[in-house]
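Asker: Those protein sequence lines, which keep their order, are chains U and W.
Mapped onto the numbering used here, the consecutive letters of the first sequence carry residue numbers 6 to 113.
Mapped onto the numbering used here, the consecutive letters of the second sequence carry residue numbers 112 to 227.
Source of the hints: derived by calculation from the structure; they are not laboratory data.
All C-beta atoms in this analysis are idealised placements derived from N, C-alpha and C, irrespective of residue type, glycine included.
Where hints are given, some of them may not hold.
[What the hints assert, rightly or not] If you want the ones that stay clear, here's a sample from chain W, every Cβ over 10 Å from chain U, calculated:
#1 Val123
#2 Asn142
#3 Val149
#4 Lys152
#5 Gly170
[Claimed, not checked] Subject to a maximum C-alpha distance of 20 Å in a straight line, what follows is the list of computed EDC-like cross-link-like pairs (lysine to aspartate or glutamate):
#6 W:Lys152 - U:Glu8
#7 W:Lys126 - W:Glu194
#8 W:Lys155 - U:Asp87
#9 W:Lys165 - W:Asp141
#10 U:Lys47 - W:Asp135
#11 U:Lys50 - W:Glu125
#12 U:Lys50 - W:Asp214
#13 W:Lys155 - U:Asp12
#14 W:Lys152 - U:Glu20
What follows is each chain in one-letter form.
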Amino acid sequence: RKEVEQDPGPFNVPEGATVAFNCTYSNSASQSFFWYRQDCRKEPKLLMSVYSSGNEDGRFTAQLNRASQYISLLIRDSKLSDSATYLCVVNYGQNFVFGPGTRLSVLP
Amino acid sequence: EAGVTQFPSHSVIEKGQTVTLRCDPISGHDNLYWYRRVMGKEIKFLLHFVKESKQDESGMPNNRFLAERTGGTYSTLKVQPAELEDSGVYFCASSQDLGRVGDEQFFGPGTRLTVL
Chain U
6 RKEVEQDPGP
16 FNVPEGATVA
26 FNCTYSNSAS
36 QSFFWYRQDC
46 RKEPKLLMSV
56 YSSGNEDGRF
66 TAQLNRASQY
76 ISLLIRDSKL
86 SDSATYLCVV
96 NYGQNFVFGP
106 GTRLSVLP
Chain W
112 EAGVTQFPSH
122 SVIEKGQTVT
132 LRCDPISGHD
142 NLYWYRRVMG
152 KEIKFLLHFV
162 KESKQDESGM
172 PNNRFLAERT
182 GGTYSTLKVQ
192 PAELEDSGVY
202 FCASSQDLGR
212 VGDEQFFGPG
222 TRLTVL
């Protein structure tokens, strides 16, 4: 079993749609969770950290379920500019383990 | 504030040659990480420096890879001799040491290495 798993997609959605990504991780000792966004041929950039209580940043909502070792990202009112690969990232000790990423294409 | 920078942005070399990649972290960041993404695979951890010390190098694929961070500022990653399977994008990241596990890491633009 991979340490961090994601549905690779692609998710093709129309502008304005709501889309949700899921991620599961295998190490129950992980304490830090992040969603990074990576545009084509660019570096990963932090989208948001994921907290136990869940957190929201504008159109983006992240949730963590420690019991199920599951993280989610919800994007509301999708924009064309949201098209990218979304990487689920989990710490293992001091280091990060990346999921394979989920590709999102928002279509006009 | 300047972000993480990496040099070169691209490198094309022949199998058996040597290549050295450089990373300049964000000023004041004690933690420096190297990652690699090979075609079609996820980003994989290579190693982690805290200042000039190697904290964890469990991700280094073999002894053809040598990373240094003399003086605790910039870091270099040398591949010698390069093999075809070393092709990929090498990312560097840095983070502050705020005493928490897994602080946010800021990534550089990466070096795209092609070994022919």
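Asker: Now tell me if each hint is right for this structure.
Answerer: Results of checking the hints against the structure:
1. Val123: Label holds. Min Cβ-Cβ 16 Å, cutoff 10 Å.
2. Asn142: violated (7 Å)
3. Val149: Non-interface label stands for Val149 of chain W: nearest chain U Cβ at 12 Å, farther than 10 Å.
4. Lys152: About 8 Å separates Lys152 of chain W from the closest Cβ of chain U, which leaves it inside 10 Å; violated.
5. Gly170: For Gly170 of chain W, whose nearest Cβ neighbour in chain U is about 8 Å away, the distance does not exceed 10 Å, so it is violated.
6. W:Lys152 - U:Glu8: holds (14 Å)
7. W:Lys126 - W:Glu194: Holds - the C-alpha atoms of Glu194 of chain W and Lys126 of chain W are around 5 Å apart, at most 20 Å.
8. W:Lys155 - U:Asp87: Not OK: Lys155 of chain W and Asp87 of chain U at ~24 Å, beyond 20 Å, violated.
9. W:Lys165 - W:Asp141: Between Lys165 of chain W and Asp141 of chain W the Cα gap is close to 11 Å, so the pair holds against 20 Å.
10. U:Lys47 - W:Asp135: holds (17 Å)
11. U:Lys50 - W:Glu125: Violated: Lys50 of chain U and Glu125 of chain W sit about 31 Å apart, past 20 Å.
12. U:Lys50 - W:Asp214: It holds: about 14 Å lies between the C-alpha atoms, which stays within 20 Å.
13. W:Lys155 - U:Asp12: holds (18 Å)
14. W:Lys152 - U:Glu20: violated (29 Å)
Violated hints, listed in ascending order, are 2, 4, 5, 8, 11, 14; each of the other numbered hints is respected by the structure.
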